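Chains A and B, in that order, are what the protein sequence lines are.
Number 91 in our numbering belongs to position 91 of the first sequence; there are no gaps in the numbering.
Number 166 in our numbering belongs to position 166 of the second sequence; there are no gaps in the numbering.
No lab work stands behind these hints, which were simulated from the structure alone.
Warning: the hint list may mix true and false statements.
[Claimed, not checked] Partner residues are not named here, just some residues of chain B that face chain A (Cβ under 7 Å, in silico):
#, residue
1, 188
2, 189
3, 191
4, 195
Here the structure is a predicted model, which is why all the values come from computation and not from measurement.
Beta carbons: idealized from backbone N, C-alpha and C, even for Gly.
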Amino acid sequence: MTKVYKEAPAVKDLSLDVSDGEFLVLLGPSGCGKSTTLRMVAGLEKPTSGDIYIGDTLVNEVQPKDRDVAMVFQSYALYPHMTVHDNLAFPLKMRHYSKEQIEETVGRAAEILEISDLLARRPKELSGGQRQRVALGRAIVRNPKVFLMDEPLSNLDAKLRVQTRIELRNLQKRIGTTTIYVTHDQAEAMTLADRVAIMKQGVIQQVAPPTDVYAHPANRFVAGFIGSPAMNFVEGKIAASGSVLEFDAGEFRIVLDPALTKSMEKFGNLSGRESTYGIRAEDVSIGQSQDERATEFSVFGSELMGSEQFVHCVKGKVSVVARAPMNFSAPIGARVWLNLSSPNAHIFERDTERTLS
Amino acid sequence: MNNKSRNKEVVGKALRAVPKHLFLIVMSLISIYPVLWVVSMAFTPGESLAVGWHFVLDFIPAPNAPTIQHFISVVHLQVIGGTFADWFRNSVIITSVTVVASVAITLPAGYAFSRRVFPGREVTMFSFLLPTMFPGVVTIIPQFLIFASLGIVNSYLGCIIPYTVGSLSLSIFIMKGAFDSVPKDLDEAAKIDGASEFRAFWQILAPLTLPNIATVALWAFMGSWLDWALAHVMLQSNNLWTLPLALYSLIQPTYTYYGTFAAMSLIMAVPVFVVFMIFQKYLVTGLTSGSVKG
């Protein structure tokens with residue numbers, strides 16, 4: 001499935017293949033064009049240019065009703081005047097299933113989603129979680145080629161959302177239907193996706209499995225968007241010190257890890273290049289005593305997360321978050337030493353923001 | 001202790017509601033009182049006003065010897081070539097066609113104005129407001145002249161067309177507002193579920209606007225069932241009269257048949273009353289939900 005859409009703000013030159021049975025998540029901040037992309041696949045919006053294929057069929061001129069896709073909306077879009085049963089039966093009726101087939105199919109879908117005892121109710125008599133299940137039921141009931149989901153979990157409370165996303169993942173694997181899922185929640189993307197497509201301002205930044213996106217972000221935007229707390233960025237330039245590459249942040253220098261240096265080789269001689277050094281909180285080693293490889297920072301605050309804490313440190317204009325064990329004592333204003341050298345760190349080019357490692 | 005304070009609260013609330021309810025009771029009495037007179041007249045023998053009845057508690061009019069004679073007279077009423085049966089049938093036909101036509105036009109029109117973008121949409125919406133800025137009677141004579149040239153004066157159509165058109169401007173606004181308040185997700189869900197645009201409109205959207213459809217239907221019903229002025233101009237043959245014209249014929253320059261007049265008023269009010277009772281639940285939601293967003 002390939003699509004190009006060339007109107008300035010929405011979606012630009014997007015090209016994406018989703019393989020059969022895959023769970024692809026479109027992830028990005030609001031207004032990045034992920035919903036528009038989904039709606040174009042559904043046929044609710046027309047691409048300005050480019051082609052959309054479902055299977056081997058070019059569907060640009062195919063009406064939504066004939067595309068054999070099912071969609072779950074953020075609002076669920078249940079038909080308020082129909083019972084749960086009739087909501088589930090509606091897509092089947094539209095496809096002229098026989099009465100017996102409808103009863104059987106609705107019954108099976110209701111069983112899968114454990115909503116059999118709700119069939120006689122109307123949507124307004126259901127809880128948010130139940131409505132969400134009915135919306136899913138309406139999508140799976142007619143066994144479409146593709147599921148399209150537009151932030152289907154964002155109206156649930158946090159606890160239910162976590163539980164439902166695991167169930168959703170299992171359900172999709174069991175049914176095996178190709179799924180395109182839109183969300184702005186990176187945790188959802190990481191748990192659900194076979195591959196994540198990260199979008200920004202209508203342009204896909206990276207398409208890769210969740211672990212790759214986390215460990216090898218294609219550019220600074222992806223690096224900053226994925227992961228919590230967000231990756232630390234330090235501005236500066238690359239400097240050579242003998243045979244070793246260092247990162248010169250002005251007030252201090254970071255010796256680049258040999259593994260990182262090696263992965264930078266393919267970009268040629270980067271010495272002197274204006275760039276950004278990126279490192280995740282868990283890759284920063286924090287200590288209370290001086291260390292020749294570490295830099296002195298002062299503690300600005302800390303967030304206790306339970307088993308661990310995130311210590312916010314500053315030095316001049318540079319601020320860095322480091323993960324520390326819960327018992328690490330870091331009162332505000334205390335001096336700590338951070339070792340920012342790590343094989344898992346990244347270098348991003350200043351102007352293009354692309355990864356140089 | 002807690003219970004006591006709660007009781008106090010309830011009593012206080014009730015006391016504060018007293019002035020409001022007193023006001024409502026007085027206003028209701030003022031509106032109902034003339035109706036009591038009409039009822040009393042309708043059941044009092046003779047055609048005179050306030051003769052042959054007494055006042056219960058010096059206040060509520062009641063016939064001395066109740067009779068249904070006036071109702072029988074109404075049913076047997078004839079005015080040169082026209083009978084009560086004719087008039088009743090005329091009223092029913094004209095009103096039913098008007099109601100059906102109004103709903104049939106405003107339902108798709110409201111949908112189109114809400115869901116479709118087309119050239120002239122705003123201008124058209126605004127132009128619907130124009131006729132409501134003039135009093136209805138102003139248009140009767142021009143309408144008569146146009147219809148005369150079309151040859152549809154003195155026919156059902158001569159009433160049905162103006163009644164229907166007259167109800168449209170407000171009704172389309174009501175229906176547009178009604179469709180505006182239905183989330184677009186529902187149209188889209190229906191389309192993806194396999195419905196054509198018409199199906200989505202007919203099976204999903206239209207049922208959700210039922211309260212507003214009821215309002216539109218009632219508006220058209222009242223406009224045609226109770227109209228006198230336009231019918232008086234358009235319908236000249238006695239056998240084409242509607243009920244309001246027949247009612248008016250009971251007021252003669254020299255004599256007024258008050259008893260029969262009252263009985264006929266009540267007969268005409270029955271359908272209005274019944275329709276209101278049936279749609280009451282819908283009307284309250286329809287009037288608010290439709291107009292607020294319109």
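Going through the hints against the structure:
no.: 1; hint: 188; in the structure: holds (5 Å)
no.: 2; hint: 189; in the structure: holds (4 Å)
no.: 3; hint: 191; in the structure: holds (5 Å)
no.: 4; hint: 195; in the structure: holds (5 Å)
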